[in-house]
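Novice: Sequences and hints are given; from them, build the entire structure.
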Amino acid sequence: NAGVMQNPRHLVRRRGQEARLRCSPMKGHSHVYWYRQLPEEGLKFMVYLQKENIIDESGMPKERFSAEFPKEGPSILRIQQVVRGDSAAYFCASSKEAGGSYEQYFGPGTRLTVT
Amino acid sequence: AQTVTQSQPEMSVQEAETVTLSCTYDTSESDYYLFWYKQPPSRQMILVIRQEAYKQQNATENRFSVNFQKAAKSFSLKISDSQLGDAAMYFCAFTIQGAQKLVFGQGTRLTINP
Chain A
1224 NAGVMQNPRH LVRRRGQEAR LRCSPMKGHS HVYWYRQLPE EGLKFMVYLQ
1274 KENIIDESGM PKERFSAEFP KEGPSILRIQ QVVRGDSAAY FCASSKEAGG
1324 SYEQYFGPGT RLTVT
Chain B
40 AQTVTQSQPE MSVQEAETVT LSCTYDTSES DYYLFWYKQP PSRQMILVIR
90 QEAYKQQNAT ENRFSVNFQK AAKSFSLKIS DSQLGDAAMY FCAFTIQGAQ
140 KLVFGQGTRL TINP
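So the protein sequences, as listed, match chains A and B.
Each position in the first sequence, counted from 1, maps to that position plus 1223 in my numbering.
Each position in the second sequence, counted from 1, maps to that position plus 39 in my numbering.
One thing to keep in mind: the hints can contain errors.
Stated by the list, open to error - Cross-link-like lysine-lysine pairs, in silico, BS3-like; alpha carbons within 25 Å at most:
| no. | chain 1 | residue 1 | chain 2 | residue 2 |
| --- | --- | --- | --- | --- |
| 1 | A | Lys1274 | A | Lys1285 |
| 2 | A | Lys1319 | A | Lys1267 |
| 3 | B | Lys112 | A | Lys1267 |
| 4 | A | Lys1250 | A | Lys1274 |
| 5 | B | Lys112 | A | Lys1319 |
| 6 | B | Lys94 | A | Lys1319 |
| 7 | B | Lys109 | B | Lys94 |
| 8 | A | Lys1319 | A | Lys1294 |
Claimed, not checked - According to the in silico footprint, chain A covers these stretches of chain B (three or more CB under 8 Å from chain A):
| no. | stretch |
| --- | --- |
| 9 | 78-91 |
| 10 | 106-118 |
By construction, these hints were calculated from the structure, which means they are not laboratory data.
In this text, a Cβ means the ideal position worked out from N, Cα and C, and glycines have one as well.
Specialist: Take a look at the structure:
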């Protein structure tokens, strides 16, 4: 059973470009979470999605960031007009159901570097 | 708002010894879950152990055990018989029942000395 897949593993973008990060949840999981980890810090929640719905985006910056989880295909975290402060590791996690009793399984992360 | 605090940025221990990592949290909720995650140099987040707040018994997974003090809002991780492969960042995390997001602490970097 394949785990959570994220690609690319490393992404370099120049300031002003767009970054697209992809996440394929574990088979049978319909709940996806995105977290951001700045250097030497813990992970910070960004957004929680179910298929075709954003459930909680309380951790998402108001501008330039968006997320989707279409009916078919991976979840996408999109960052428009990237700035140096967006450089971080972005982790996706998935769970079978929502709620603390269900483990969130993490992907390997995408390390975004903005030059 | 829920917060998680790890007061030890770095810890080190001799191989085969025991080490305890500290974590405190703040919440007004009574029904919640606590976790310890390990992040080795590969950066993969690995769940080490989980504790349900309604359970008085401390969780144990092989060499890993927790000391859960609900009244003190404390959730420490004890690693027994430390091994070189235990070297990693350890993150304490928390979620309330009915919520989905995990709230993480700042992490503790654990070094194992051979």
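Novice: Could you run down the list of hints and mark each one as holding or not?
Specialist: Right, here's what the structure says about each hint:
{"no.": "1", "hint": "Lys1274(A) <-> Lys1285(A)", "result": "holds (22 Å)"}
{"no.": "2", "hint": "Lys1319(A) <-> Lys1267(A)", "result": "holds (21 Å)"}
{"no.": "3", "hint": "Lys112(B) <-> Lys1267(A)", "result": "holds (21 Å)"}
{"no.": "4", "hint": "Lys1250(A) <-> Lys1274(A)", "result": "holds (13 Å)"}
{"no.": "5", "hint": "Lys112(B) <-> Lys1319(A)", "result": "violated (28 Å)"}
{"no.": "6", "hint": "Lys94(B) <-> Lys1319(A)", "result": "holds (23 Å)"}
{"no.": "7", "hint": "Lys109(B) <-> Lys94(B)", "result": "holds (10 Å)"}
{"no.": "8", "hint": "Lys1319(A) <-> Lys1294(A)", "result": "holds (16 Å)"}
{"no.": "9", "hint": "78-91", "result": "holds (count 8)"}
{"no.": "10", "hint": "106-118", "result": "violated (count 0)"}
Hints 5 and 10, counting from the list given before, are not met by this structure.
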